[in-house]
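J.: Sequence:
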Amino acid sequence: RGIALINAVVLVAEVGDFTGFSNPRQLMAYFGLVPGEQSSGETVWRGGITKTGNTHARRALVEGAWA
3 RGIALINAVV
13 LVAEVGDFTG
23 FSNPRQLMAY
33 FGLVPGEQSS
43 GETVWRGGIT
53 KTGNTHARRA
63 LVEGAWA
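Numbering-wise (this note's numbering), the sequence shown opens with residue 3 and increments by one.
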């Protein structure tokens, strides 16, 4: 529930073997859906998603979220 058949097929085709990820954070990093961060001493800056990773899979997830 939540994503259509086409999006599910795209995710499986792009990722292949989901067992290669030991936790959800690794999978989200693969998709590029983790926040960027710059830290220096006491100062911490957190930005938007990094958009580094698998573009097709990230696009399928975003489109599924919009639907």
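There could be a bad hint or two in this list.
Claimed, not checked - DMTMM-like, lysine to aspartate or glutamate: derived pairs with alpha carbons at most 25 Å apart:
| # | residue 1 | residue 2 |
| --- | --- | --- |
| 1 | 53 | 39 |
| 2 | 53 | 19 |
| 3 | 53 | 16 |
| 4 | 53 | 65 |
Worth flagging that the hints you see were computed from the coordinates, not collected in a lab.
J.: For every hint, state whether the structure bears it out.
T.: Structure-based check of all given hints:
| no. | hint | verdict |
| --- | --- | --- |
| 1 | 53 - 39 | 13 Å, holds |
| 2 | 53 - 19 | 21 Å, holds |
| 3 | 53 - 16 | 16 Å, holds |
| 4 | 53 - 65 | 15 Å, holds |
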